[in-house]
Structure formats: structure tokens, C-alpha cells
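Asker: Next come the chains, spelled out residue by residue.
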Amino acid sequence: MSLYYVQKLLYQLNRDPHTRARFDENFDGLLDDFDLTDEEKTALRVPDIGLLYVMGVNGQILMHYAALRGFEWDRYIQAMRDGLKRHGPVRTGLYLTTDGKGAV
Amino acid sequence: MALVYAGICSHAPGITGRAERADPALRDPFYEHFRRMGDEIRAQRPDALIVVAAEHFANFFMDNMPAYCMGMADYYEGPIEDPEWLGIEPQRIPGAASLSKRLIERMMARIDLAYAQEWKFDHGIMVPLNFLTPAYDLPVIPANINCQGPPLTPPARAYEFGRALRAACDAVDERIALVGTGGISHWPATPDSGKINEAWDRKFLDRWTANDRAALTAYSDEATWRDGGQGGFEIRTFIAVAGATEGSTGEVRYYAPIPIFAVGCTVGRMHI
Numbered sequence: 000m001s002l003y004y005v006q007k008l009l010y011q012l013n014r015d016p017h018t019r020a021r022f023d024e025n026f027d028g029l030l031d032d033f034d035l036t037d038e039e040k041t042a043l044r045v046p047d048i049g050l051l052y053v054m055g056v057n058g059q060i061l062m063h064y065a066a067l068r069g070f071e072w073d074r075y076i077q078a079m080r081d082g083l084k085r086h087g088p089v090r091t092g093l094y095l096t097t098d099g100k101g102a103v
Numbered sequence: 000m001a002l003v004y005a006g007i008c009s010h011a012p013g014i015t016g017r018a019e020r021a022d023p024a025l026r027d028p029f030y031e032h033f034r035r036m037g038d039e040i041r042a043q044r045p046d047a048l049i050v051v052a053a054e055h056f057a058n059f060f061m062d063n064m065p066a067y068c069m070g071m072a073d074y075y076e077g078p079i080e081d082p083e084w085l086g087i088e089p090q091r092i093p094g095a096a097s098l099s100k101r102l103i104e105r106m107m108a109r110i111d112l113a114y115a116q117e118w119k120f121d122h123g124i125m126v127p128l129n130f131l132t133p134a135y136d137l138p139v140i141p142a143n144i145n146c147q148g149p150p151l152t153p154p155a156r157a158y159e160f161g162r163a164l165r166a167a168c169d170a171v172d173e174r175i176a177l178v179g180t181g182g183i184s185h186w187p188a189t190p191d192s193g194k195i196n197e198a199w200d201r202k203f204l205d206r207w208t209a210n211d212r213a214a215l216t217a218y219s220d221e222a223t224w225r226d227g228g229q230g231g232f233e234i235r236t237f238i239a240v241a242g243a244t245e246g247s248t249g250e251v252r253y254y255a256p257i258p259i260f261a262v263g264c265t266v267g268r269m270h271i
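Going line by line, the protein sequences match chains A and B.
Residue numbers for the first sequence, in numbering that gives the first Met the number 0: 0 to 103.
Residue numbers for the second sequence, in numbering that gives the first Met the number 0: 0 to 271.
Heads up, some of the hints might be wrong.
Under the rule of at most 30 Å between Cα atoms (straight-line distance), these lysine-lysine pairs were calculated in the DSSO-like manner [as the list claims (entries may be wrong)]:
#1 B:202 - A:100
#2 B:119 - A:7
#3 A:7 - A:40
#4 B:100 - B:119
#5 A:84 - A:40
#6 A:40 - B:119
#7 A:100 - A:7
#8 A:100 - A:84
Rather than coming from a laboratory, the hints here were simulated on the basis of the structure.
Required output: the full structure, derived from the provided sequences and hints.
Answerer: Below is the structure:
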């Protein structure tokens, strides 16, 4: 489990044009730059937004990766709900769910 | 001169990014109060606007996370988010590096804080500026309180940060406006997005308008997380404004839960 590096990769991807360029040109190479498990690499590559949420990725980082990968807002929320059903409760971090109903 | 204005407001990205999905009966008066806040700030002819914000991993990460940081740059840029997603076009915002430096030096006599000569604004500052200074012509000094990556600074320290900020403002020649921006209860960017604990929010705002230091600084992270969600940690920005206006009371100009904005939308002002 290397949640810290999953989040660091997404943090840099969200703010750094050079990291964004590497994402476009050589995503696997970018993934290899970080200490990630196979599960984490797969979740990022697919992308499995629901699994990333369950892993504990901070929502303020994850929502921008979801948008980058083409998830508009309702689909992003649904992906997290689907992730809870498929992968179980959020494993760590602050961004747990309560009743999961929300506004969408 | 002194502090010439102090207030609080919301900053959730949905406020601009999902504007068309909100109930106009709630959205439009909120926008009106937000813009009126900008009018009141400009009426005070400030030389600079300090925005005490709670950023969301735009500049600061867990490899080097400051509890407090203030900007000390000639200019800033934002939003860091996709402009279409946020509904705000890219801007260059003027800073006030000399004033920043003098404020930071004075504050360091009382508290510890980091500084940054480079800072990309995220929605936490861009959404307020979109309403308060839509021409982006008022120099801005950003200040950040880490409300995202625990361990977090305790509320009592946020109050002290505000007191130190006020003392520094009172010691310089410029006219300074201050806005704290954060959420009260909210569960943003989760399947609960849109959940709002209105009773908890109103209790907090009662304490803020009364500038009840003891009550404002008694919030534990455990209780805040339970009752106000992970977004509730951002009360630190409002508490800092209370600290900067210790001895004053205030009023809430607007408060209403707007679920698609994912927060109880708030505009308030201290009478200083």
C-alpha cells in the first residue's frame, strides 16, 4: 500500500504541465517513477475511480483526476458509489462516506 | 493604517462550476450577497485584500506541508483547475510583495509561518475573487491554513494566527481588507457531496458572529469530522478572521444550504 505516492502522482498531474505531458506521452513510464503497487497502477491506468476512492485517495485530489479522465460530476459521484459496492468500505483517510446519498 | 474590512465567505467549486444546476431562488440571492460583499470591500478603498483560505493540494502536499503559509509574490495565477470545470477563466492576479514581507516579518515575532513567492490559486481563492474582485485588479495576499492533510493546526492556533495578522495589519500604512473562506459542514468530493448539517452550521455561525473565542476554539477534530465532515476542518479560516477581529461582533448576511454546491453557502461580515 503506497497511498502517499498515488496521491503525490495525482497532485503533480493536477498542477504540473510537464507531468501532464508525460501522462499524455508515456503513462506507464510516469507510473514507474512512483513506488506503486500493481493494484494502484491498474486503478490509475483503467481508471478505476471507485477503487482509488476506496483506497483512500483524498477527494480533493481524486475529483480532478476523474475530470481529467472524462468523468463529469454525476459520473464521478456514481463511480465512487460503485466502488463502495465492488471493493468495500474506504480503507483509510478522511474521505469516508456516511449515508452515501448526497445531492446527486 | 489598519484593517478596514473583515468578512467570511464560501468557496466551493460548484458555486461557479455547477451554477446552472442550482435552484435560482437560492443561488441568485447568494450571488447577490457575494457581489455586495465585493462592493463593501471596494468602498473601504483597500490597498490589498488578504484571503485566508484552505487550499486543496494546489501548492502544498504532504512532502512539505506548512500549517500556515502566506504569499509574498508580485503576482499569482489561477485557477489551477480546468477552467471549464470550474467556470472561471485563467487570470493573473496582482500581489503585494512588499506589504506581504512586512506583514510576515511582524507576524513572525508572534507566531511561526511559512511564506511562498510562487502560488497557484485553486477554487478556494478563485471562487471568492470571481465575485469580490471580478476585474482582478485589487492586489491579493493569499494565506493558507492546512485543513486537508492531518495533523492540522488546532483551532486555538488559528485564532492566534488571526490575532497576529491583525497586529501586523495595524502596524503598516496600507489599508487592508481581510476575507476568510471555507466551508462549515460539508462532505465534498465524496458520495455524500451535498450533505450539509445545517444545525451545526448555524451553531458555528452564532459563535462566529458573537466572536465567542472560547466556543470557537473548543472544536475538536474528532467532533468536527463526525458532525461537519472532512470539509468542516475549514472552520479554521473563519476562526482566524474572528481572531483578527477579537472584541468585535459580526453578522451573517446570507446562509443557505445549496446541495449541488456541496456546502451551506455563507456570506458574513465582522463590524470592525
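Asker: Hints the structure violates: just list their numbers, smallest first.
Answerer: Violated hints: none at all, because every hint is consistent with the structure.
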